[in-house]
Amino acid sequence: MSTPVLSPITGNIWKLEVEDGATVAAGDEILIMESMKMEIPVEAPVAGVCRFSVTEGANVQEGDLLATIG
Amino acid sequence: MFTKILVANRGEIARRIMRTARGMGVASVAIYSEADRSALHVAEADEAYCVGAAAPQQSYLQGGRVIDAALQSGAQAIHPGYGFLSENADFARRVMAAGLTWIGPDPQLIDALGDKVNARNLMSGVGFPVNPGGLAGDAAAVEALVDEIGLPVMVKAAAGGGGIGMKVVHRRADLWPACERASQQAARLFGDPTLLIERFMEGARHVEVQILGLNSGEVLALGDRDCSVQRRFQKIVEESPSPGVSQKLRAHLLEASASSAEALGYRGAGTIECLVRDDEFVFLEVNARLQVEHPVTEMVTGLDLVEAQLHIAANEPWQPPNGRVEAHGHAIELRIYAEDPRTFLPAPGLLSCWREPVGEGVRVDSGYQAGDTVTPFYDPLLAKLCVHGADRPAALSKARHAIRAFEVEGPKTNLPFLAELLNDSAFRNGDYDTGFVSRMQQAKAVKEPS
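One line per chain: the protein sequences are U and C, in this order.
Just so you know, this note's numbering puts 59 at position 59 of the first sequence, and the rest follows in order with no gaps.
Just so you know, this note's numbering puts 1135 at position 135 of the second sequence, and the rest follows in order with no gaps.
Chain U on its own, in the form it takes in the complex (with noise of 0.2 Å):
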């Protein structure tokens, strides 16, 4: 079973922080997004496999899929 991430805010994809394919632990920062000049990481809510759904300079709205942990 795969753990959606969703974006907390609506602004930008600004770094993805691991490979796509990468074994993330819970806690660890996967992306980090940019919205009005803030910074804000986005972590791994569990362990797994990081298969993310967005590309850097991707813009988003709140709510909408980062990526998926399984």
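Careful, some of the hints might be misleading.
[Said to hold, decoys possible] Straight-line distance between alpha carbons at most 30 Å, and here's what the computed DSBU-like set of lysine-lysine pairs gives: (1) K1444(C) with K1412(C); (2) K37(U) with K15(U); (3) K1412(C) with K37(U); (4) K1248(C) with K1116(C); (5) K1235(C) with K37(U); (6) K1167(C) with K15(U); (7) K1444(C) with K37(U); (8) K1167(C) with K37(U); (9) K1235(C) with K1248(C); (10) K1116(C) with K1412(C); (11) K1235(C) with K15(U); (12) K1412(C) with K15(U); (13) K1116(C) with K1235(C); (14) K37(U) with K1116(C); (15) K1116(C) with K1167(C); (16) K15(U) with K1116(C); (17) K1447(C) with K1235(C).
No wet-lab data here; the hints were simulated from the structure.
Dock chain C against the given chain U, drawing on the hints supplied.
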């Protein structure tokens, strides 16, 4: 004096600079991005030039286009405001090379003070107290450094800013792993892996001094500002004078700031940021520009810092009225941000209602009006609500009334948070430090579990 200046900024600070220029009979040129076509700072300028698309990298940070707009308009000088190009020494040099006047400190000093390690060495060299610490080289060097200064320590990227890449380390076992992670992050985000390790001052206040370097070489220290109320190392509330600094410490802090800045040859407006605990202050950084929170200093001193900046940049003698700086009463600034009042996450959106409080001793510097859209491209700062009273209780009382009267609808704002803060007994007693907001949020989370 100049007859026309270009203001290379947007929002409240562009409007604020233009207001002073207008009062001095100086025409203002605005620049704007495609997203800001109908913004107030554009409408209020004498002329305005579009410098590109919404994203700052494509407009407000396009130095070449900004200089072209200045030349085309016939402006003689550029005021950078804060943020954007204000601390970009290369831009300042290009402005000067184009035959324009740069309204700011010498580019060489901007460069020297922009690097945390360099700034620390410079200030230490002119006798300003710095926090015990040093560069993080290899594991052995870090161990030796911590043997000397003790734990906890703050690990920060030399090239970092805005609180990004700063980590507090409490345990020796975590030390080197934390350095390795921070260094990798610094290399990735700032292109420079260099780390600075300093003693972490738990419970310290963030207190800064407004400096103004005159053409005579004299530097005035225009009082202190307490900016300890922060979230994510970013300021929310500022006040002057600091309720946590004794008269004796204040005198020492102001004297050290003025004399150090004089030794550096500082000219123009700037801010020396410090950490203060008990009777000790140590250097944090220098902001070589006009600061967001400069209005609190203006309210207690009665000075117009932008007016002083223009006179200094125009190579004119400028002196405070009566030849001396006097501080009266107490001023507080509350930053109104478009953000969730609980999580502090950014909240862009359309402003359906905007009504600012008015009253004696109330000043609002804002960049928006009803019908404007707050976009994700820029700073979340909507307005600065500033109040001045005869003393701190009087200023607090004005702030409470003014916050209640500020009506904003549309995007989420931190107005409810500010109202809570003004009713918090510790804040009202002046009993707060840089950890205050997170403690306040934790206490709330326990009281009202979601």
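> Between K1167(C) and K37(U), is the straight-line Cα distance small enough, at 30 Å or below?
Replying inline: 20 Å, holds
> Going straight from one Cα to the other, do K37(U) and K1116(C) come out at no more than 30 Å?
Replying inline: 21 Å, holds
> Given the hinted pair K1412(C) and K15(U), is their alpha-carbon gap at most 30 Å?
Replying inline: This hinted pair holds, its Cα atoms lying about 26 Å apart.
> Does the alpha-carbon distance linking K1235(C) and K1248(C) stay inside the 30 Å limit?
Replying inline: This hinted pair holds, its Cα atoms lying about 26 Å apart.
> When you check the alpha-carbon spacing of K1412(C) and K37(U), does it fall within 30 Å?
Replying inline: The given pair, whose Cα atoms are some 17 Å apart, holds under the 30 Å limit.
> Does the structure keep K1444(C) and K1412(C) at a Cα separation of 30 Å or less?
Replying inline: 19 Å, holds
> For the pair supplied as a hint, K1235(C) and K37(U), is the alpha-carbon distance within the 30 Å limit?
Replying inline: 14 Å, holds
>> Run the distance test for K15(U) versus K1116(C): straight-line Cα separation, threshold 30 Å.
In response: 24 Å, holds
> CA of K1116(C) to CA of K1412(C), is that 30 Å or under?
Replying inline: 35 Å, violated
>> Can you confirm whether the C-alpha distance between K1167(C) and K15(U) stays at or below 30 Å?
In response: 20 Å, holds
>> Next pair to validate is K1235(C) with K15(U); report whether the Cα-Cα distance is within 30 Å.
In response: Given that 30 Å is the threshold and the Cα spacing comes to 25 Å, the pair holds.
> Is the Cα-Cα distance between K1444(C) and K37(U) 30 Å or less?
Replying inline: Given pair K1444(C), K37(U) holds - Cα atoms ~27 Å apart, limit 30 Å.
Violated hints amount to a single one, hint 10; each of the other numbered hints is respected by the structure.
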